[in-house]
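There are 2 protein chains.
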Amino acid sequence: MGRRGKAAALKLAAVSSEQKNRALNAMADALEKNQARIIAENEKDMTKAKADGLSAAMLDRLKLDAKRVSAMAEGIRSVAKLADPVGEHIRDWTRPNGLRIEKVRVPLGLVGIIYESRPNVTADSASLCLKAGNACLLRGGSESLHSNLAIATVMSNAVKSAGLPEHAIQLVPITDRAAVMEMAGMDKYLACIVPRGGKGLISAVMENATVPVIKHLDGICHVFVDKDADLGMAEKIVINAKCQRPGVCNAMETLLIHQDVAPKFLPLIAKNLIDHKVELRLDPKSESMLKGNGSRLKSPLLRKAKEADWTTEYLDLILSVRVVDSLDQAIEHINHYGSAHSDSIVTKNDESATRFLREVDSATVYHNASTRFTDGAEFGMGAEIGISTDRIHARGPMALEELTTYKYLIHGSGQVRE
Amino acid sequence: MGRRGKAAALKLAAVSSEQKNRALNAMADALEKNQARIIAENEKDMTKAKADGLSAAMLDRLKLDAKRVSAMAEGIRSVAKLADPVGEHIRDWTRPNGLRIEKVRVPLGLVGIIYESRPNVTADSASLCLKAGNACLLRGGSESLHSNLAIATVMSNAVKSAGLPEHAIQLVPITDRAAVMEMAGMDKYLACIVPRGGKGLISAVMENATVPVIKHLDGICHVFVDKDADLGMAEKIVINAKCQRPGVCNAMETLLIHQDVAPKFLPLIAKNLIDHKVELRLDPKSESMLKGNGSRLKSPLLRKAKEADWTTEYLDLILSVRVVDSLDQAIEHINHYGSAHSDSIVTKNDESATRFLREVDSATVYHNASTRFTDGAEFGMGAEIGISTDRIHARGPMALEELTTYKYLIHGSGQVRE
Chain A
6 MGRRGKAAAL
16 KLAAVSSEQK
26 NRALNAMADA
36 LEKNQARIIA
46 ENEKDMTKAK
56 ADGLSAAMLD
66 RLKLDAKRVS
76 AMAEGIRSVA
86 KLADPVGEHI
96 RDWTRPNGLR
106 IEKVRVPLGL
116 VGIIYESRPN
126 VTADSASLCL
136 KAGNACLLRG
146 GSESLHSNLA
156 IATVMSNAVK
166 SAGLPEHAIQ
176 LVPITDRAAV
186 MEMAGMDKYL
196 ACIVPRGGKG
206 LISAVMENAT
216 VPVIKHLDGI
226 CHVFVDKDAD
236 LGMAEKIVIN
246 AKCQRPGVCN
256 AMETLLIHQD
266 VAPKFLPLIA
276 KNLIDHKVEL
286 RLDPKSESML
296 KGNGSRLKSP
306 LLRKAKEADW
316 TTEYLDLILS
326 VRVVDSLDQA
336 IEHINHYGSA
346 HSDSIVTKND
356 ESATRFLREV
366 DSATVYHNAS
376 TRFTDGAEFG
386 MGAEIGISTD
396 RIHARGPMAL
406 EELTTYKYLI
416 HGSGQVRE
Chain B
6 MGRRGKAAAL
16 KLAAVSSEQK
26 NRALNAMADA
36 LEKNQARIIA
46 ENEKDMTKAK
56 ADGLSAAMLD
66 RLKLDAKRVS
76 AMAEGIRSVA
86 KLADPVGEHI
96 RDWTRPNGLR
106 IEKVRVPLGL
116 VGIIYESRPN
126 VTADSASLCL
136 KAGNACLLRG
146 GSESLHSNLA
156 IATVMSNAVK
166 SAGLPEHAIQ
176 LVPITDRAAV
186 MEMAGMDKYL
196 ACIVPRGGKG
206 LISAVMENAT
216 VPVIKHLDGI
226 CHVFVDKDAD
236 LGMAEKIVIN
246 AKCQRPGVCN
256 AMETLLIHQD
266 VAPKFLPLIA
276 KNLIDHKVEL
286 RLDPKSESML
296 KGNGSRLKSP
306 LLRKAKEADW
316 TTEYLDLILS
326 VRVVDSLDQA
336 IEHINHYGSA
346 HSDSIVTKND
356 ESATRFLREV
366 DSATVYHNAS
376 TRFTDGAEFG
386 MGAEIGISTD
396 RIHARGPMAL
406 EELTTYKYLI
416 HGSGQVRE
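Heads up: the sequence lines are chains A and B, in that order. For the first sequence, the working numbering begins at 6 and goes up steadily by one. For the second sequence, the working numbering begins at 6 and goes up steadily by one.
Where hints are given, some of them may not hold.
Given that identical chains are not distinguished, each listed pair holds provided it fits within a single copy or across any two copies.
[Claimed, not checked] Dumping the calculated BS3-like pairs for lysine-lysine here, alpha-carbon to alpha-carbon at most 25 Å:
1) Lys309 with Lys232
2) Lys296 with Lys232
3) Lys38 with Lys282
4) Lys282 with Lys68
5) Lys108 with Lys353
6) Lys72 with Lys269
7) Lys38 with Lys165
8) Lys193 with Lys311
9) Lys86 with Lys276
10) Lys303 with Lys282
Hints were generated in silico from the structure; no laboratory data involved. From a predicted model like this one, the values you see are computed outputs, not experimental measurements.
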């Protein structure tokens, strides 16, 4: 599969945007045309998942119906409409010896994607890879094997019928851990592996990979309410960052409040969060402010924070809260305990905002906005493979451009090195 | 060391270009001022190396004298003069919801560099890392431990005296393989590792690393002499690519000749190469052309190529030679056997050149120039950490820009996600 995929990637690299878009639209059409077959295969996964006692939430994520198949097809059509990053002229310069050096954007090659449960990832990943001129080797979770195989086969046939190499899209039909480890060692064929999924899976890939890995790890995201914050705005942002969709990596996990505004802001936001059924894990200062003499707020949702809370990605209606004595302490806390994903300051003070944006060492740093915007579509990139927590190659939302690399074309007239 | 290095990196990220340049010039001055001490420490390495029976070439690479220490200092001064990549405004756009997204260039963080033998690499690597706002954790070879420690200590003291964190430059004083393996697992602290050295070392790092690795592997570089080549130019380029400095990664290892010009070009270039003491490993076609009835060329330097020759980096006066029947076969050969490093076509035919540049899947692809130009300084990047053979993050010459990453600064006015 590696050999075939790499051969397909070499061919895809030289294909025009029009040809790739034709193939993408053919993939979308084919998914809709083969809806019944895909849903029938999905039924097999659903039956097994029910027998295995998967949760209602898991079953919902797994399930495909006509509407969801159409949504996948629409997703692919929207990828076809995105600008093609391949061939972009990045830079051009001429050396004193007359050599003209062009730096141009080219595909990565064969990209491995390892993911879990949701079958629509199969269509999303394959279409983004193809648009960026890459072949892909997909390895989905065992729960969705029948669905994934059906989707991948339909897409690969469509790619072939559109005149492009059918091995541009391949799905590994083996879902045990050994298959992942095998992929992790295929440095001869794979340009990189993107693991999307639980920490266990990603750690296993990291520890065993000779192929470069672009990790999609956890988001310990913070909102810092500065002493100069507009407290109304702060309340809206905090509630949005925690409650709008708590199970995703760009949701806030820790709230930091400047001590100058904490006496006013903390009781207010605590009540609002509790109304949203958020459990609060409080540092000693915030605890004493909320439970102390002055305050009347009482709730079983008020708990003490432990050290481990500051590094925990709850992905749930739980929030750790700390009162800090300064902007410096807020920045220090975030750089020490955070995961360098997404962090936000709420302040009317431009100087504090500038320092926060510069000194917080995270992929995306916000001033007066919710952390929830860290997302390929929200960034205007059209779609995303995921959010990279690595520092090299791709940082933050990973979309079409991040699925490419570059090469140098050097135009000479007989130059040799002295 | 990892913890200290990461803390130093966080501080360095916010430091101005002026401060960094001051520290670099202080490092250069300090090396010259402490010349005697550095040379005395180098003497210890030289004594041990002689006792261990190292080759004359190895001893020469290891040796430091006043001139070489000055050359190191000059190298650092020239890095101080390069443009600072940090803070570069890469892109800026505003979303329909009013969020303004800025993409800016920032340092990588703590960079691990693993290298062998030559002590000047200590100064080169540390100065490039510092200029790009990175702290570095250096691990040199055992032969040069005393020299490296002296150089690193002098530089780290100079950095401190210039008011920057002294742990910006740290050298691991342990040179066994276990220290390398320890570094390879420090993903909590290291942004990436750049291994420069033999294949054994690099493979060991790759296999054990959880830290992202930017490999500097082998260069199986090709020159293809097309049917429409200017044969005089081809001769100059071939001789330069093979003979000017055969022991480096951008030297040619395989010569491909179009069959239409081979009868004329091959005897000519073979004689010239043999005059340069190059051993030729010939495919059947080129062998029959050279040894066949018509040719009078006889030399013990003419051998038969084996399959393994096409994937061997000789780093020596040895060249494998193949006569191909077409441009397509040349491209196929390079993509199949090459290492995607540097490859060149010699031709007057622009259409063939365009196809070669586009379809050869290598980091640097040349038209009418020697492969020997793949080099940070030759590219006008000022200096380089090395030549990356990876496809992600850094491809080809790795210099200041490739020692950085980016982050997103997002300016809002209270936006929350719907």
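Hint numbers the structure violates, sorted upward?
-> 3, 4, 6 and 9
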